[in-house]
Amino acid sequence: MAGEPISITPTDDPGKLEEQLVAYLDGELDDAQVRHVEALLATDPKVREQLTRLERTWSLLDRLDRFQVDETFTRSTIEMLAVAAEEEAERQRAEAPRRRRRRWLMGIASLFGAALAGFLAVAMLRPDPDRQLLEDLPLLEDFDELRQIDSVEFLQMLNQEKLFVKDAPDEG
Amino acid sequence: MLEVRGDSAEAFEELMLRYQGRLVTVLEHLVGDRDQAEDLAQEVFMRVFRARKSYVPGAKFSTWLFTIANNVASNALRTRFRRREVGFRTPEGSGVGSPWDRVIQASSGQMPVRRMDKAEMRDMVRWALESLNERQRLAVLLSKFEGMSYADIAESMELSPQAVKSLLARARVNLREVLEPYLERGDRLAMGEEQKPSADDQ
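Residue numbers (our numbering), protein chains in the order written: chain A, 104 to 275; chain B, 701 to 902.
No lab work stands behind these hints: they were computed from the structure.
Mixed in with the good hints there might be a few duds.
In silico DSS-like pairs for lysine-lysine, Cα to Cα no more than 27 Å straight-line [what the hints assert, rightly or not]:
#: 1; chain 1: B; residue 1: Lys760; chain 2: B; residue 2: Lys844
#: 2; chain 1: B; residue 1: Lys844; chain 2: A; residue 2: Lys119
#: 3; chain 1: B; residue 1: Lys818; chain 2: B; residue 2: Lys844
#: 4; chain 1: A; residue 1: Lys149; chain 2: B; residue 2: Lys844
Covered by chain B, per the in silico footprint, the following chain A stretches (three or more residues, Cβ under 8 Å) [unchecked claim]:
#: 5; segment: 126-139
#: 6; segment: 166-179
A virtual CB, placed ideally from N, CA and C, is assigned to each residue, including glycine.
Let the sequences and hints guide you as you build the complete structure.
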């Protein structure tokens with residue numbers, strides 16, 4: 104375990120020292136930490152004694168039973184799992200028609216959505232002949248007067264003077 | 701496990717045969733009851749089966765298995781605590797106090813206190829393990845019985861490796877404090893430094 108402070112002495116922090124000793128016994132220290140612990144062990148008999156005591160009680164755990172299970176356990180567990188697998192398969196079979204129906208509905212909805220999007224796109228992009236007529240309506244209404252003027256530049260000048268703006272209807 | 705993920709029943713059975721003893725061992729020492737440990741082990745295998753599709757290739761199966769075992773055992777112990785059931789089954793013919801106390805009580809006044817035999821020592825160690833809290837006990841079991849690294853224990857218990865390091869250190873110090881007085885007394889008896897007075901002396 105890298106990054107730990109390595110200047111621990113028995114008097115500095117007994118708890119931390121014990122942690123380091125246990126980690127040392129478990130092979131969990133990095134090289135620098137191992138060297139530090141081994142230097143302590145070489146020079147301090149109390150630390151050696153602490154390590155021996157930790158090691159001794161740890162080895163006592165080897166006396167604990169390690170259990171084996173018999174065939175009954177294995178057989179009953181396999182049977183339980185077989186039942187669970189069957190239930191899972193049954194659930195999936197029951198879900199299948201609902202999933203198919205859901206997929207069908209989603210397909211129809213997608214088709215409608217695509218049709219709508221296409222319709223809107225075409226509607227926006229296609230030029231509207233009626234719209235053109237509406238835009239030209241003021242011109243058409245005054246066509247007879249405007250036909251009298253030969254010069255386009257004169258017309259533009261009149262337009263700049265806002266002479267072609269129709270008066271608002273009298274609100275009074 | 702990849703074959704199990706692919707719904708191979710034979711692969712699952714093989715996995716079970718490989719791990720069932722180890723799983724029951726850890727669970728038994730965790731919950732203190734053999735029957736419950738087997739029930740919990742079956743629950744663990746059931747969860748592994750149900751979650752098989754979410755297994756990540758390359759992940760260590762034992763770490764994943766004992767993560768689930770930790771969760772199952774914790775839930776069981778929590779339920780037991782809420783129901784205020786009896787905690788651990790005491791060994792057959794046991795009385796009050798530690799196994800060492802029972803050895804002393806069992807000895808007659810005429811005989812010196814004998815050394816503990818293997819079964820009594822095993823009971824003593826088991827009693828010491830049971831004196832740890834649940835997290836310390838599980839960390840000890842995974843370290844001792846499964847030989848897991850701190851990193852793997854951390855993953856199974858959803859802790860940091862540093863937390864596991866501290867947990868194991870405290871657990872082992874606690875075990876030492878519980879067991880040492882009896883070990884020292886046993887040593888003194890073996891060396892003849894201590895003897896219970898015989899009836900003739902009294």
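Each hint tested on the structure:
1. Note on lysine 760 of chain B and lysine 844 of chain B: the hinted pairing holds, with a Cα-Cα distance of about 18 Å set against a maximum of 27 Å.
2. For the suggested pair lysine 844 of chain B and lysine 119 of chain A, the alpha carbons sit about 21 Å apart, so the restraint of at most 27 Å is met.
3. Restraint check for lysine 818 of chain B and lysine 844 of chain B: the C-alpha separation of about 19 Å stays at or below 27 Å, so the hint holds.
4. With a C-alpha separation of about 25 Å, the suggested pair lysine 149 of chain A and lysine 844 of chain B falls inside the 27 Å cut-off, and the hint holds.
5. With a cut-off of 8 Å between beta carbons, the segment 126-139 of chain A has 3 residues touching chain B; three or more are needed, and the interface restraint holds.
6. Coverage of the segment 166-179 of chain A by chain B holds [criterion: at least 3 residues with CB-CB distance below 8 Å; count 10].
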